[in-house]
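Everything in the sequence shown is counted per this note's numbering, starting at 51 for the first residue and increasing by one.
Derived by calculation from the structure, the hints in this document are not laboratory data.
Small disclaimer: the values here were computed from a predicted structure and weren't measured.
Don't take every hint at face value.
Computed list of lysine-lysine pairs in DSS-like fashion (alpha-carbon distance at most 30 Å, straight line) [what the hints assert, rightly or not]: (1) 260 x 123; (2) 139 x 269; (3) 269 x 123; (4) 123 x 113.
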Amino acid sequence: MASCPTTLLLMRLVTFRNREGRPEAGAFSGHEIAGLGTDMVSICASGRFEPVPGPAYDARATKLFAPIPRPPKFICVGLNYRDHAAEAKMEIPAVPTIFNKFTNVVIGPGQPIVLPKVSTKPDYEAEFAFVIGRGGRYIPAASAMEHVFGYTIVNDVSARDFQGASTQWLMGKTFDTFGPMGPWIVTRDEIADPHALEISLEIGGEILQKSNTRELIFKTPELIEYISQVVTLEPGDVVATGTPSGVGFARRPRRWLKPGEEVIVRIEGIGELRNPVVAEAAS
Numbered sequence: 051m052a053s054c055p056t057t058l059l060l061m062r063l064v065t066f067r068n069r070e071g072r073p074e075a076g077a078f079s080g081h082e083i084a085g086l087g088t089d090m091v092s093i094c095a096s097g098r099f100e101p102v103p104g105p106a107y108d109a110r111a112t113k114l115f116a117p118i119p120r121p122p123k124f125i126c127v128g129l130n131y132r133d134h135a136a137e138a139k140m141e142i143p144a145v146p147t148i149f150n151k152f153t154n155v156v157i158g159p160g161q162p163i164v165l166p167k168v169s170t171k172p173d174y175e176a177e178f179a180f181v182i183g184r185g186g187r188y189i190p191a192a193s194a195m196e197h198v199f200g201y202t203i204v205n206d207v208s209a210r211d212f213q214g215a216s217t218q219w220l221m222g223k224t225f226d227t228f229g230p231m232g233p234w235i236v237t238r239d240e241i242a243d244p245h246a247l248e249i250s251l252e253i254g255g256e257i258l259q260k261s262n263t264r265e266l267i268f269k270t271p272e273l274i275e276y277i278s279q280v281v282t283l284e285p286g287d288v289v290a291t292g293t294p295s296g297v298g299f300a301r302r303p304r305r306w307l308k309p310g311e312e313v314i315v316r317i318e319g320i321g322e323l324r325n326p327v328v329a330e331a332a333s
């Protein structure tokens with residue numbers, strides 16, 4: 051997939067702030083980031099990347115953005131873990147439940163989740179996501195994995211009062227900052243089986259969600275086949291595959307996000323995504 055020096059063995063691809071102050075794709079290894087001189091969507095499209103000449107960046111002193119700050123499409127899957135469907139008191143779906151977030155809600159690691167003043171029920175959702183490399187329409191499940199560029203972490207932050215106010219979930223899913231993503235993309239070849247990864251979410255030292263991607267009802271090939279029947283998938287599209295049980299609205303007492311907290315989503319083989327939680331400023 052990649053043309054890159056052998057010293058960069060683990061393909062963790064980031065989008066970072068370069069010395070000119072602009073977002074740039076980079077290859078993260080150890081404590082260094084090698085600039086790639088282009089953007090992540092272009093890398094997803096070509097499947098190739100090569101560090102540009104020049105000194106590496108110190109990762110500890112370099113700002114990371116979401117790996118794809120503005121994906122062409124941000125597609126989400128609902129009710130895709132059996133235990134989550136059960137806690138939501140919903141039937142196991144016969145076909146994938148697909149919705150989307152607007153792409154301007156994407157934030158990166160360390161950026162704050164802003165709790166809107168108009169919602170009293172902000173919730174968390176740990177999600178494994180895949181990123182499209184080679185695009186296409188009517189992609190069969192048998193060859194779907196050839197269209198995956200890599201994997202990342204998403205927190206599908208949700209305002210449950212807005213989500214439940216109508217039959218459409220969109221308004222509860224797409225508040226500003228409700229799309230934490232990152233901290234990087236791990237390329238497809240680095241993960242032998244994306245459907246055997248531990249996934250968890252922690253707040254304040256408490257593990258609130260814990261599962262494994264083997265529990266997904268519809269796995270990556272099925273999702274690609276289903277979605278591409280309707281819309282052409284493009285390089286850089288992000289598909290968040292759903293959340294396991296343990297979300298706040300299903301707990302008793304219910305457990306909503308609060309200012310001052312930090313949400314940590316961990317996925318085996320990828321890493322962890324951390325975001326602080328703050329209240330929306332008074333206008």
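Checked hints:
The straight-line distance between the Cα atoms of residue 260 and residue 123 is roughly 27 Å, inside the 30 Å bound, and the hint therefore holds. Restraint check: the Cα-Cα separation between residue 139 and residue 269 comes to about 22 Å, which is no more than 30 Å; the hinted pair holds. In summary, the hint linking residue 269 to residue 123 is supported, as the alpha carbons are separated by about 19 Å, within the 30 Å threshold. At most 30 Å may separate the alpha-carbon atoms for a hinted pair to count; residue 123 and residue 113 meet this at roughly 24 Å.
Consistency note: the structure conflicts with none of the earlier hints.
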